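Asker: Sequence:
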Amino acid sequence: MYRTHQTLISQWARKSPDNFGRVLQFVILTVRQPLSEVAPAFRDIEFGDVPDDARARLFGFKARAYSEAWQARESTLAYLEHVENDPDMSGRDKDMAMLEHVCALYGFGPVKAGFVLQLAFGRVGCLDTHNLRRFGVRESMVKSSLYARRKTAKGRKAFLGRYVDLCRKHGGSEGLWNSWCEYVAREYPKDYTDAFAVSAEH
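Residue numbers 8 to 209, in the working numbering, belong to the letters of the sequence shown in order.
Don't read these hints as lab results, they were simulated from the structure.
Keep in mind it's a predicted model, so treat the numbers as computed, not measured.
Misleading hints may appear alongside valid ones.
Unchecked claim - DSSO-like mimics (lysine-lysine), calculated; alpha carbons at most 30 Å apart, straight line:
1) K69 with K150
2) K69 with K158
3) K164 with K69
4) K69 with K197
5) K176 with K161
6) K158 with K101
Given the sequences, and given the hints that come with them, work out the whole structure.
Answerer: If you want it as structure tokens, here you go:
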């Protein structure tokens, strides 16, 4: 599943800043929404804009995050590609640097930033509510508001380091993707025929 769909997504996302911007917006649309609702949300929202008739899809902070993600698409992708292609950085150091950069975007905490990196670069992963429940991880370990309250760069890096290590402990980008799709397929049989269909929905 992962090696089929994530590979295609990554190739497409990294092809242009506009494509990457769509990935950022996709991730914002997944906040507090089931995956099955994201495609209809995209159809309701004009490309790169937030029209009035789409406000129901972009509740709370999501409208601003959706717009600002699009505005930041070029600089964000450029930075992530720079880190990804740095031969002197370890894999974990790349995870940390990239995660911290995406977390600096409005509306992106560690979980959704990790999802962006999972989709576009095959890094980190998404410890959403399903995964927290499956792995018995406390929400306080990943919560965006708690990350934002860290007052020092050292404290924020420590928080992100724990997040990266949790993702690695529970299968990394690929393992988290595949097991999440299997879980969602079992939990929502009316929406998906199997785990492959969940994966393809991305």
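Asker: Against each hint, give a clear statement of whether it holds in the structure.
Answerer: Hint-by-hint comparison with the structure:
1. K69 with K150: 17 Å, holds
2. K69 with K158: 24 Å, holds
3. K164 with K69: 25 Å, holds
4. K69 with K197: 28 Å, holds
5. K176 with K161: 22 Å, holds
6. K158 with K101: 23 Å, holds
Taken one by one, the earlier hints all hold for this structure without exception.
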